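Undergrad: Okay, here's what each chain looks like letter by letter:
Number of protein chains: 2
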Amino acid sequence: MKLATLKSKNKRDGQLVVVSKDNKSYADASTIAPNLQWALDHWAEVEPKLKTLFDDINSKKIPGLPVDVSQMAAPLPRAYEWIDASSYINHVLLVRKARNAEPPKTLRTDPLIYQGGSSVMLGAQDPIFLADESWGCDFESEVAVILADTPQGTKKEDAHKYIRLITIVNDVSLRNLIPAELEKGFGFFQSKPASAFGPFAITPDELGAAWKDGRIHLPLVTHYKGKKFGDPNAGPEMHFSFFELIEHICKTRAYTAGTILGSGTVSNEDRARGSSCLAEVRMIETIDTGKPSTPFMKVGDTIEIEMLDQSGASIFGKISQKVVN
Amino acid sequence: MKLATLKSKNKRDGQLVVVSKDNKSYADASTIAPNLQWALDHWAEVEPKLKTLFDDINSKKIPGLPVDVSQMAAPLPRAYEWIDASSYINHVLLVRKARNAEPPKTLRTDPLIYQGGSSVMLGAQDPIFLADESWGCDFESEVAVILADTPQGTKKEDAHKYIRLITIVNDVSLRNLIPAELEKGFGFFQSKPASAFGPFAITPDELGAAWKDGRIHLPLVTHYKGKKFGDPNAGPEMHFSFFELIEHICKTRAYTAGTILGSGTVSNEDRARGSSCLAEVRMIETIDTGKPSTPFMKVGDTIEIEMLDQSGASIFGKISQKVVN
Chain U
3 MKLATLKSKN KRDGQLVVVS KDNKSYADAS TIAPNLQWAL DHWAEVEPKL
53 KTLFDDINSK KIPGLPVDVS QMAAPLPRAY EWIDASSYIN HVLLVRKARN
103 AEPPKTLRTD PLIYQGGSSV MLGAQDPIFL ADESWGCDFE SEVAVILADT
153 PQGTKKEDAH KYIRLITIVN DVSLRNLIPA ELEKGFGFFQ SKPASAFGPF
203 AITPDELGAA WKDGRIHLPL VTHYKGKKFG DPNAGPEMHF SFFELIEHIC
253 KTRAYTAGTI LGSGTVSNED RARGSSCLAE VRMIETIDTG KPSTPFMKVG
303 DTIEIEMLDQ SGASIFGKIS QKVVN
Chain R
3 MKLATLKSKN KRDGQLVVVS KDNKSYADAS TIAPNLQWAL DHWAEVEPKL
53 KTLFDDINSK KIPGLPVDVS QMAAPLPRAY EWIDASSYIN HVLLVRKARN
103 AEPPKTLRTD PLIYQGGSSV MLGAQDPIFL ADESWGCDFE SEVAVILADT
153 PQGTKKEDAH KYIRLITIVN DVSLRNLIPA ELEKGFGFFQ SKPASAFGPF
203 AITPDELGAA WKDGRIHLPL VTHYKGKKFG DPNAGPEMHF SFFELIEHIC
253 KTRAYTAGTI LGSGTVSNED RARGSSCLAE VRMIETIDTG KPSTPFMKVG
303 DTIEIEMLDQ SGASIFGKIS QKVVN
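Protein sequences, first through last, are from chains U and R. Sequence positions in the first sequence follow my numbering and run 3 to 327. Sequence positions in the second sequence follow my numbering and run 3 to 327.
Read the hints as simulated data drawn from the structure, not as lab findings. Fair warning: this is a prediction, and the values are worked out from it, not measured in the lab. Take these hints with a grain of salt, some might be off.
The calculated DSBU-like cross-link candidates involving lysine-lysine, where the alpha carbons are at most 30 Å apart (straight line), are [as the list claims (entries may be wrong)]:
1. R:Lys-11 <-> U:Lys-163
2. U:Lys-107 <-> R:Lys-293
3. R:Lys-186 <-> U:Lys-293
4. U:Lys-11 <-> U:Lys-51
5. R:Lys-158 <-> U:Lys-300
6. R:Lys-51 <-> U:Lys-13
Some chain R residues flagged as far from chain U (calculated, every beta-carbon gap over 12 Å) [what the hints assert, rightly or not]:
7. Ile-64
8. Glu-208
9. Gly-228
10. Ile-286
C-beta atoms are modelled at their ideal positions from N, C-alpha and C, and glycine is treated no differently.
Can you build the whole structure from these sequences, using the hints too?
TA: Structure representation (C-alpha cells):
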C-alpha cells in the first residue's frame, strides 16, 4: 500500500492518509492511526485496516480526495532516527577523490554510515532554505527504508522482517562545510541540513520483482534546473544491501519504529547514466579538464527526484524543491 | 520544577509525572500531558499547570506517591535528536592522546560535536547490555539540556530561551570500536550504544545560582564499582557553554522540541577531582607508568552518576547501572 502525511496546522506530525496506486486520490486514515509514527508504533493492529482502505480507494469503492503534493509533509515530518549509508562504491570513490580524501581501506567490507539529524524532515515540495551560497549546497538522490522496532543483533537474513516502508530522499549536503567538519573527526553535523522525502511511502510488496535482495532494482531519475541530470539504477551497484546495512547498524543497539535508513547517493559506473549529486559531476569534470565547471546550487535552482516503475508511473511521487534564501 | 517519566507497559513514551523537590514523592501529570514529549510540544499551555502540581506536591497539598527510581524511564524514552558535544578541553586532550590522535586544530574555537542515536534512551537503573566485553565498554558522565523548538540561526545571546530542562547522562562508549570507525571518516556509529539518563529532569530555575552563563557550576559525582571515581565541577572548565553549543548546532538547521544536547564528559585539569570515564584514567596511567592498568567495564560492573546541590541533596536523582550480558 501507499501512505502519506498531509500537512496539518494543528498537528506537527501531520495526518495519515492512504494514497491510491495511481497517486491521484487519497483517503483520510486518521481514524485508523492519527499519524504515520503512531501507525508504525501499532503496525500489527493498523496494517490490515490501512490495507482495506487502500483496496477501497483503488477500487473506487470510496471516493477519495484529489492529491496535491504541495500539501504533503514528509511521511515522517520528524523521525526518531535518520541514518544514512553510502552504499554505492562509485559515489564513494568519486566524492573522496573530489575532496582529496582517501577511500576507506574497508570500502568493500564495512559499510560507511552516518547518523543524521531528524528534527525536521522536509516535505517533497518544501524549499531548501540556504542561508549562505558559499556553503556549497548539493542535492543527493537516494532511496530509503523505514523500519519497524528492530532489535540489537539483527542479522541480514532476518532484516527483511523489519522493513515496513520504502521511499526516496534528497539528502541535502553543504559540501564546502564538510572538509573542516570531518577534519575534527566526529563526522558530519553542520554540513548536513534538513533532508527532503518523497511524498509517498510504500510497503515493499508494491515494488513487485523490483524489490530483490534488499535492493530496489529501478532507475532513480534526477532533474536539476529542469534538465535530466541522471537516472542510475538503484539496484545492482548498491554494494551493501539494506539487509546488510541493517545488520551493521544493529550490532550494538536497537531501533524504534520509524527509524529511517538511507542508501546513500545512487551512483552507477556507467557515465551515460549521469549522476545523483553535483559533487560527482564536479569530480568527473576535474578528471576530464583539470577543474570543476559546474557550480554548487544557487538560490532559485530547482531539483526534482523521482522513481518510475516499468510502466513509467511514479512510485513515490516527485521530490520537487527550490533553493530559497 | 522537576519532571520524570514513569515506565508504562502500554505506553512506549511512558507516563509524565511531577516529582517533589526532595525526590521522595511524585504526582501523576498525565491529565496535563500524557508524556514528556507531548508536554514539550505544548509547553506554553502545560507549563503553568505542571508548576501548580509541583507546588502542590512540595507543600503536601496533594499526597503524592513514593518515588521508586527503578520504575522511572529516561525522561524521554526515545527522543527526536541526541546531540553530544565534547566541551571539556581536558577530556579532549587526554582521550585523543589515549588513541594516538591529534587534537583538532580548532579545539578552542570550533565545538566538537556528534550526532548520536536516539531510538532507545535508557532509564537510570536500566542495565548496560554489553554483547562483547572486547568492545571496551566505558561510561561517560555528562550533563545535558533538553530543548524547545529551536530555530535555525539562533545565536548564543538568545539560546537561553530554548533550554527547557536539564538532566545528567551516562554516554556509554565502546572505546575499542572507535578508532576503526573514525578512520572511515563518518564519525561514531557502532561505538555509541544507548545512553542512560538521570531519572529527573529539572527546569533551569531549580539550579539557582549554579546555572550561570549556560553552564552548571556544580560537581558531577561518579562512583565506579562502588568507589568514588571523580567529582569534577561541570562549570568553569566547560569551554563552550550550552549557549555557544546551541548557536553552533543551529547554524544550518532547526530543532524540534525534545532535542537533547549533551556537554561531553565532564573533566577538570586538577587530577585530584578524578575522572568521569575510564579512557581518561587509562591515559593518565599511560603517561605515569607507560601503559594503562585499569581495564574497560566488565559484566557485573556498576556505575553511579549523581549531582548534588550545595546542601548535599541529589538534584537529578542517581544514574545507577550494571553491565549485563
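Undergrad: Does each hint fit the structure? Answer for all of them.
TA: Status of the hints after comparison with the structure:
For a cut-off of 30 Å, the pair hint linking Lys-11 of chain R to Lys-163 of chain U stands: about 24 Å separates their Cα positions. At roughly 29 Å between alpha-carbon atoms, Lys-107 of chain U and Lys-293 of chain R fall within 30 Å of each other, so this suggested pair holds. Straight-line distance between C-alpha atoms of Lys-186 of chain R and Lys-293 of chain U comes to about 26 Å, which keeps the hinted pair within the 30 Å bound. A threshold of 30 Å between alpha carbons decides the hint, and for Lys-11 of chain U with Lys-51 of chain U the separation of about 26 Å falls inside it, so the pair holds.
Restraint check for Lys-158 of chain R and Lys-300 of chain U: the C-alpha separation of about 28 Å stays at or below 30 Å, so the hint holds. Under the criterion of a C-alpha separation no larger than 30 Å, the hint pairing Lys-51 of chain R with Lys-13 of chain U is consistent with the structure, at around 21 Å. Non-interface status of Ile-64 of chain R relative to chain U is upheld: no Cβ of that chain comes within 12 Å, the nearest being about 31 Å off. Listed as outside the interface, Glu-208 of chain R is consistent with that label: its C-beta sits roughly 26 Å from the nearest C-beta of chain U, beyond the 12 Å cut-off.
Non-interface call for Gly-228 of chain R relative to chain U: holds, since the shortest CB-CB distance, roughly 26 Å, exceeds 12 Å. Consistency note on Ile-286 of chain R: stated as away from chain U, and its beta-carbon is indeed over 12 Å from all of that chain's, at 22 Å minimum.
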